[in-house]
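Add chain B to chain A, keeping to what the hints say.
One letter stands for each residue in the lines below.
Protein chains: 2
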Amino acid sequence: MAVYTEVADDALITFAAQYDIGEVISCKGIAEGVENSNYMLRTARAAYILTLYEKRVSRADLPFFLGLMDHLASRGIACPTPVHGRDGAALRELCGRPAAIVTFLEGMWPRRIQPHHCARLGEALARLHQAGAGYPARRPNGLSVDAWHRLHAETQERAHEVRPGLADEIAAELGVIGRSWPNGLPAGVIHADLFPDNVFFRGEALSGLIDFYFACNDLLAYDIAICLNAWCFESDGSFNVTKARLMLSAYGKVRPIGAEEFAALPILARGACVRFLLTRLFDWLNHPPGAMVKPKDPLEYLAKLRFHQTARGPGAYGLG
Amino acid sequence: MAVYTEVADDALITFAAQYDIGEVISCKGIAEGVENSNYMLRTARAAYILTLYEKRVSRADLPFFLGLMDHLASRGIACPTPVHGRDGAALRELCGRPAAIVTFLEGMWPRRIQPHHCARLGEALARLHQAGAGYPARRPNGLSVDAWHRLHAETQERAHEVRPGLADEIAAELGVIGRSWPNGLPAGVIHADLFPDNVFFRGEALSGLIDFYFACNDLLAYDIAICLNAWCFESDGSFNVTKARLMLSAYGKVRPIGAEEFAALPILARGACVRFLLTRLFDWLNHPPGAMVKPKDPLEYLAKLRFHQTARGPGAYGLG
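For the record, the sequence lines run as chains A and B.
Those letters in the first sequence? Residues 80 to 399, by the working numbering.
Those letters in the second sequence? Residues 80 to 399, by the working numbering.
If you are wondering where the hints come from, they were derived from the structure by calculation, not from laboratory data.
A portion of the hints provided could be inaccurate.
Which copy is meant is left open, because identical chains are indistinguishable; a pair holds if it fits in one copy or across any two.
To be verified - Computed list of lysine to any residue pairs in SDA-like fashion (alpha-carbon distance at most 20 Å, straight line):
hint: 1; residue 1: K375; residue 2: R359
hint: 2; residue 1: K375; residue 2: E85
hint: 3; residue 1: K134; residue 2: E172
hint: 4; residue 1: K332; residue 2: V136
hint: 5; residue 1: K134; residue 2: T358
hint: 6; residue 1: K375; residue 2: G316
hint: 7; residue 1: K373; residue 2: Y83
hint: 8; residue 1: K134; residue 2: G155
hint: 9; residue 1: K373; residue 2: T84
hint: 10; residue 1: K373; residue 2: A338
hint: 11; residue 1: K375; residue 2: Y83
hint: 12; residue 1: K134; residue 2: L222
hint: 13; residue 1: K375; residue 2: L222
hint: 14; residue 1: K373; residue 2: S314
hint: 15; residue 1: K134; residue 2: F318
hint: 16; residue 1: K373; residue 2: E202
hint: 17; residue 1: K373; residue 2: V255
hint: 18; residue 1: K134; residue 2: L170
hint: 19; residue 1: K134; residue 2: A338
hint: 20; residue 1: K332; residue 2: G394
hint: 21; residue 1: K134; residue 2: A266
hint: 22; residue 1: K373; residue 2: R138
hint: 23; residue 1: K373; residue 2: F386
hint: 24; residue 1: K373; residue 2: G164
hint: 25; residue 1: K375; residue 2: T84
hint: 26; residue 1: K332; residue 2: P243
hint: 27; residue 1: K373; residue 2: R190
hint: 28; residue 1: K134; residue 2: G221
Nothing here was measured: the structure is a model prediction, and the numbers come from that model.
Pulled out of the complex, with its shape left as it was, chain A reads as follows (with noise of 0.2 Å):
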């Protein structure tokens, strides 16, 4: 949960002025995201969500988000939408801080996946992956392979505080990655972290995405494995294979998944699992004591790992 910029009445109102939005009536900053300060700002006409970027958001990327936001909206993807001021800027500045109003999005996350949930899930990311082909701006995912050498030697003094051998073993990983890491897949636009809590539903439609923050160009077939993860792992850490499954062929049926994408699901999937257990970890060892925000358990993405690595090929996720 995080407001960490604290958005005075009269800054607001001044601000909210340069948009064509109508009077604000209410601002509540929201106990969601741990990057940015959010709040839900309702007007006379209708509600938005202001964000005002913090520290660990490049300002230097935010008109590739905000760009790419307005690249899928006009695609037909379900997405904030940024609004743009009077003047035509989408991006300004509030309290010292890069600052953008987006269309409010309605729906809920799941917080208890069903399979109903990754069905709906692997249709809409190949649909945001087909949309985002004509997006010209690119962004290098600053989260891949080499940035995990990066985290790998900044945590591996103290990894051994979080569990005896983490840093030998995540070290092997990399030693397998490097060697197997693919090339040649089809790449383009990918969300990068499309967690439950950035997939909202109505019912069981799925109603949008949101929190393009780490949207990047890289394989597409990672941003799958990445969805493998984060969606069809019980809490108990059992793979479930009819949840991988339905997400994988609702996918297909959209973007069908070459032969080649297929065999490389397993180490992409253990790419995406040192990404994440490097990136908390490296949280863990390094977030300030009394933080607002708690850091996840970077175990959760061990325990994945060793799942992907006892995978012989995608039979292991329930393909035939």
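Same frame as chain A, now just chain B:
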């Protein structure tokens, strides 16, 4: 900022179906309030606040609070109104916590207090006191003089960690209060916690009062004293006589303040300082490391106390 209890989407939908409020389309935790978990709930029909009462609020007191909001709203006070379910009940249970839905109140609380805010607050406080008159339920003030002695006993050994000599200073003040606390002044239902973040404005108009979870029966002038402390000191610790005069005169135009009440303002304000000094001191000494809520500074109220100790009479508050 606070959301202590995470509400699952499916549990919420079942819960909301007990009310005639329409389909739930969104529910987001609000990063405000320190006692309870609050969610902004949107349905196809309107916006509401869903509150889950956490352990600091006594379950037995909830009917008093919810009934009071009903009573005040029916007498024209702009405040959240409990939504009654199809069975007539406003109070039920969600995720193992007592829970209620109240109407959503428009407006924003003022971060930078202007004199005009104080005038509107004085008027609203007087109207609140008048409207509370006919409320039949009673709730003694659980944070009045007796409780201060208990809180002093519970904090005196470690108060020096916050400031050397603090326990002695509090003990001396409790002695003065014991000899001089007024009785026989007009009493009734008071809000008892009407800080700026509980008072909403739209433009210069006061749009409503929230958070009645400290409301109780006590001296009406004690509520005025709490507001003098909360609204009329500047951040540098100085007392703003203009704000105090505006607050008191606006109050007096609605409910005339008696001569004994005026005369008692310095001691009531001292008591109000001791109340917040002690509860903040207790929280400061007892908050768990890593708690989500940053405890408020007790010494802010020591400085205010010292101002009131030098006040010879109501003249110190800008009254002739």
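Treating 20 Å as the Cα threshold, decide for K373 and V255: within, between, both or neither. neither (31 Å within a copy, 45 Å between copies)
Since the copies are identical, ignore which copy is meant and state whether K134 and A338 lie within 20 Å (CA to CA) inside a copy, between copies, both or neither. Intra 40 Å, inter 55 Å, cutoff 20 Å: neither.
20 Å Cα cut-off: does K373 pair with E202 within a copy, between copies, both or neither? Close neither inside one copy (32 Å) nor across copies (42 Å); limit 20 Å.
Classify it for me, K134 with L170: is the Cα-Cα distance of at most 20 Å met within a copy, between copies, both or neither? within (16 Å within a copy, 42 Å between copies)
20 Å Cα threshold - placement of A338 relative to K373: Neither: 40 Å inside a chain and 53 Å across chains, both beyond 20 Å.
When no copy is specified for K332 and G394, does a C-alpha distance of 20 Å or less occur within a copy, between copies, both, or neither? Within one copy only: 19 Å inside, 79 Å across.
Within, between, both or neither, where K373 and R138 count as close if Cα-Cα is 20 Å or less: neither (25 Å within a copy, 29 Å between copies)
Since the copies are identical, ignore which copy is meant and state whether K134 and L222 lie within 20 Å (CA to CA) inside a copy, between copies, both or neither. within (16 Å within a copy, 41 Å between copies)
Under a CA distance limit of 20 Å, which applies to K373 and T84: within one copy, between copies, both, or neither? Answer is both: 18 Å inside a copy and 14 Å across each meet the 20 Å cutoff.
Between copies, within a copy, both or neither: which fits K375 and Y83 at Cα up to 20 Å? both (18 Å within a copy, 17 Å between copies)
Pop the pair K373 and R190 into one bin, within, between, both or neither, using alpha-carbon distances up to 20 Å. within (18 Å within a copy, 27 Å between copies)
Between the shortest in-copy and the shortest cross-copy C-alpha distance, which are at most 20 Å for K373 and G164: within, between, both, or neither? neither (35 Å within a copy, 36 Å between copies)
Hints 4, 8, 10, 15, 16, 17, 19, 21, 22, 23, 24 and 26 from the list above are not met by this structure, while the remaining hints are.
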